[in-house]
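Trainee: For the protein sequence lines, the chains are W and C, in the order given.
Taking the working numbering, the leading residue of the first sequence gets 1, the next gets one more, and so forth.
Taking the working numbering, the leading residue of the second sequence gets 1, the next gets one more, and so forth.
Among the clues, some could well be false.
Since the list gives no way to pick out one identical chain from another, each pair is judged satisfied if it fits inside one copy or across any two copies.
[Unchecked claim] Distance condition first, Cα-Cα at most 30 Å in a straight line; then the derived BS3-like pairs of lysine-lysine:
id: 1; residue 1: 198; residue 2: 157
id: 2; residue 1: 88; residue 2: 106
id: 3; residue 1: 88; residue 2: 26
id: 4; residue 1: 180; residue 2: 106
id: 5; residue 1: 234; residue 2: 88
id: 6; residue 1: 58; residue 2: 247
id: 7; residue 1: 180; residue 2: 219
id: 8; residue 1: 26; residue 2: 234
id: 9; residue 1: 180; residue 2: 58
For the record, the hints were derived by calculation from the structure and aren't laboratory data.
Predicted, not measured: the structure shown is a model, and the values here were computed from it.
The residues making up each chain are set out below.
Protein chains: 2
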Amino acid sequence: MTLVLDGRETTEKVMEEVAAEVEALKAGGVTPGLALVLTGGDKNSARYVKLKKRRAEKVGIYAEFHHLEQTTDEELVALIQRLNEDPKIHGIMVQLPLAEGLGELKAVDAIAPEKDVDGLSPNTLGKILMGEETYPPAGVEAIMELFRRYGLSPENKHWVVVGSSNFLSKPLAAYLMNMKVRVTRAGERCPHVPELLKTADVVSTEIQRKHFVTADMVKPGVIVIDNGNTYEGKKVYGDVSPEALEKASAYTPVPGGTGPMLIALLLKATVKAASN
Amino acid sequence: MTLVLDGRETTEKVMEEVAAEVEALKAGGVTPGLALVLTGGDKNSARYVKLKKRRAEKVGIYAEFHHLEQTTDEELVALIQRLNEDPKIHGIMVQLPLAEGLGELKAVDAIAPEKDVDGLSPNTLGKILMGEETYPPAGVEAIMELFRRYGLSPENKHWVVVGSSNFLSKPLAAYLMNMKVRVTRAGERCPHVPELLKTADVVSTEIQRKHFVTADMVKPGVIVIDNGNTYEGKKVYGDVSPEALEKASAYTPVPGGTGPMLIALLLKATVKAASN
Numbered sequence: 001m002t003l004v005l006d007g008r009e010t011t012e013k014v015m016e017e018v019a020a021e022v023e024a025l026k027a028g029g030v031t032p033g034l035a036l037v038l039t040g041g042d043k044n045s046a047r048y049v050k051l052k053k054r055r056a057e058k059v060g061i062y063a064e065f066h067h068l069e070q071t072t073d074e075e076l077v078a079l080i081q082r083l084n085e086d087p088k089i090h091g092i093m094v095q096l097p098l099a100e101g102l103g104e105l106k107a108v109d110a111i112a113p114e115k116d117v118d119g120l121s122p123n124t125l126g127k128i129l130m131g132e133e134t135y136p137p138a139g140v141e142a143i144m145e146l147f148r149r150y151g152l153s154p155e156n157k158h159w160v161v162v163g164s165s166n167f168l169s170k171p172l173a174a175y176l177m178n179m180k181v182r183v184t185r186a187g188e189r190c191p192h193v194p195e196l197l198k199t200a201d202v203v204s205t206e207i208q209r210k211h212f213v214t215a216d217m218v219k220p221g222v223i224v225i226d227n228g229n230t231y232e233g234k235k236v237y238g239d240v241s242p243e244a245l246e247k248a249s250a251y252t253p254v255p256g257g258t259g260p261m262l263i264a265l266l267l268k269a270t271v272k273a274a275s276n
Numbered sequence: 001m002t003l004v005l006d007g008r009e010t011t012e013k014v015m016e017e018v019a020a021e022v023e024a025l026k027a028g029g030v031t032p033g034l035a036l037v038l039t040g041g042d043k044n045s046a047r048y049v050k051l052k053k054r055r056a057e058k059v060g061i062y063a064e065f066h067h068l069e070q071t072t073d074e075e076l077v078a079l080i081q082r083l084n085e086d087p088k089i090h091g092i093m094v095q096l097p098l099a100e101g102l103g104e105l106k107a108v109d110a111i112a113p114e115k116d117v118d119g120l121s122p123n124t125l126g127k128i129l130m131g132e133e134t135y136p137p138a139g140v141e142a143i144m145e146l147f148r149r150y151g152l153s154p155e156n157k158h159w160v161v162v163g164s165s166n167f168l169s170k171p172l173a174a175y176l177m178n179m180k181v182r183v184t185r186a187g188e189r190c191p192h193v194p195e196l197l198k199t200a201d202v203v204s205t206e207i208q209r210k211h212f213v214t215a216d217m218v219k220p221g222v223i224v225i226d227n228g229n230t231y232e233g234k235k236v237y238g239d240v241s242p243e244a245l246e247k248a249s250a251y252t253p254v255p256g257g258t259g260p261m262l263i264a265l266l267l268k269a270t271v272k273a274a275s276n
């Protein structure tokens, strides 16, 4: 029996819990506040950030949308610093990638660690590596949340993490270094990925190539976390082929796996920041 | 032919280069300054920090030794903040472990990123994970320096990193995630270490068990970086047995490998900070 790690169902449960926590915080006189910062004119990004705002409001979080269509590093950093000081705001999310020409490191480094609910700043990433309490990126939290909800242990396993982003694969590998696991990390273009995947008890892929992982690359009983999203028209495909998933003991489907959970876990982190 | 990666000889070369860079900086009107902070009454730590001061002065660096025998978190953080503001000081080194009862995270998080020449703060560790320019811990730099000096490429290899410290094994694994390598990291008590080591092209150990790694645990031609230091009386032993080293293509001896290089690379980072 293969276990499907259902991100949509889990999202609903997380959102219910978040709503209850918001209510409790409000009863205590605190309304969790989230600032959403978007740079540039990309329509899809704007739509996604607006969705985050609506979801936040739906669970009772106060949300501000700051859209800097034309901006400079100085203006962006000044906005972040203002939000750092604003007592209404407990969490700051800066949508990446930034508009062209803006310095990403400068921006994320300006976010106060105690408000970095999206786990973007070097301070947060360093704390993850050290095993200190912080707000890991939503993609990392989504994976840990699925393991918890479905009663799977992430420990005493060999994880193979394939991918290179600062918001998923690298912080995931850093996070795992503080658990009882072996973790192997390789880049998505590394020619040894097939043989590495074969050694894995848990696979996390961020390859962005439709059904790249074939059945011969995984061992029976593997747990698959597929973070791939390759679009063909309106259809989206993961990194792992259906034949490989048949060999798995548990897997996240694409669509409907980790993707839908990201907003819920950003909101959960915001509530945690407000209660601290 | 087995290549011995000689840390003492390399240290001498690094020190000569650092001395030349200090001279050039002084000619331009800048004297590199290093603050060394020690807490508590441990005699060995005091001796080691004094050695760092003497070595710094020998290459022309201005060095201050701040010894807080009895202190509090507040006093320690206040000292670090004063050093952050001091224009004479380009680098701050806080000797770890701190005296009992002091909060390590609070202290290292107070070091200004541009003066964190020992690579201790979460901000620095996060930048290492992101692949951004920063000052990695001396232990990581020592390994990279040896590869450079001996014309070895760290890339296109499978590294197996065994160890758990925030100043060596975890930042090394994070650093390697931004190179063309596969990296597997496991804790020093992980029961799978022997089988993992067998898959390695490069092994970095921080196990602290005399000659734990036997010949059957490594493959012929492996490169061994042995960061173990197990004392028996006045004699010191590494993690890797002589029989295993015989199978290696290159290795760091213990003593005389990475250990002696640590101070030189702290000084090199201080000079880099002064020139920035």
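Trainee: Hint by hint, say whether it matches the structure.
Mentor: To see whether the hints hold, each was checked on the structure:
| no. | hint | result |
| --- | --- | --- |
| 1 | 198 - 157 | both (13 Å within a copy, 18 Å between copies) |
| 2 | 88 - 106 | both (24 Å within a copy, 26 Å between copies) |
| 3 | 88 - 26 | within (13 Å within a copy, 49 Å between copies) |
| 4 | 180 - 106 | between (34 Å within a copy, 26 Å between copies) |
| 5 | 234 - 88 | neither (39 Å within a copy, 60 Å between copies) |
| 6 | 58 - 247 | neither (39 Å within a copy, 63 Å between copies) |
| 7 | 180 - 219 | both (21 Å within a copy, 25 Å between copies) |
| 8 | 26 - 234 | neither (40 Å within a copy, 63 Å between copies) |
| 9 | 180 - 58 | neither (38 Å within a copy, 44 Å between copies) |
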